[in-house]
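As they're listed, the protein sequences go chains F and D. My numbering numbers the first residue of the first sequence as 1 and each following residue consecutively. My numbering numbers the first residue of the second sequence as 1001 and each following residue consecutively.
No lab work stands behind these hints, which were simulated from the structure alone. Don't take every hint at face value.
To be verified - Here are the simulated lysine-lysine pairs, DSSO-like style, with alpha carbons at most 27 angstroms apart:
hint, chain 1, residue 1, chain 2, residue 2
1, D, K1070, F, K98
2, F, K98, D, K1083
3, D, K1057, F, K98
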Amino acid sequence: ILNVEQSPQSLHVQEGDSTNFTCGFPSSNFYALHWYRWETAKSPEALFVMTLNGDEKKKGRISATLNTKEGYSYLYIKGSQPEDSATYLCAFNWGNEKLTFGTGTRLTIIP
Amino acid sequence: DGGITQSPKYLFRKEGQNVTLSCEQNLNHDAMYWYRQDPGQGLRLIYYSQIVNDFQKGDIAEGYSVSREKKESFPLTVTSAQKNPTAFYLCAITMGQGAWQPQHFGDGTRLSIL
Chain F
1 ILNVEQSPQS LHVQEGDSTN FTCGFPSSNF YALHWYRWET AKSPEALFVM TLNGDEKKKG
61 RISATLNTKE GYSYLYIKGS QPEDSATYLC AFNWGNEKLT FGTGTRLTII P
Chain D
1001 DGGITQSPKY LFRKEGQNVT LSCEQNLNHD AMYWYRQDPG QGLRLIYYSQ IVNDFQKGDI
1061 AEGYSVSREK KESFPLTVTS AQKNPTAFYL CAITMGQGAW QPQHFGDGTR LSIL
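Please put together the full structure from these sequences, using the hints given.
Set out below in structure tokens:
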């Protein structure tokens, strides 16, 4: 089983501040890296799927970068809002139909 | 989500009992997955199926069984051999072919032991 490491495990951020967190994955046999947002009492929602080294994706105030050579991806949230409170999961795919998920970063926005 | 329906939302199992969790989809997608989530852990893959009448073990298949007789249905049975079944179970589908396609999840079933 390949390891996908997310840090930090949890994070409290003041409303309006920007923040970022990390997903580390094996740098060999890379195929795709997924980011999901999981709000309480809802199902996980796909944010980004990244496949190329140097990829940058953006969705509103949320963006992500990818470095496949060193095996990490960053998720950035600009100007945090209360609705950003959620657990953010990354998942790694190395060329088959399976995803290996990290344990997630639980983000809490303080009003 | 309207395209994937998991039922029931809550389920209780007695010792030695098998229970079946339902996952139905009306999105006409081939690949379906079952995950388990425990506190402090990521989603762990139990079983997955890419086509009807075929399925593969995931990382933690012991104590579970599945069937895929119809494209729209992928039920998961938690057998009495699963000694620690208390967890949150999520069903997912892949929106299209290829591993770069995002997964789309149901609302989950929470299973507890009586």
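Checked hints:
| no. | hint | result |
| --- | --- | --- |
| 1 | D:K1070 <-> F:K98 | holds, 21 angstroms |
| 2 | F:K98 <-> D:K1083 | holds, 25 angstroms |
| 3 | D:K1057 <-> F:K98 | holds, 10 angstroms |
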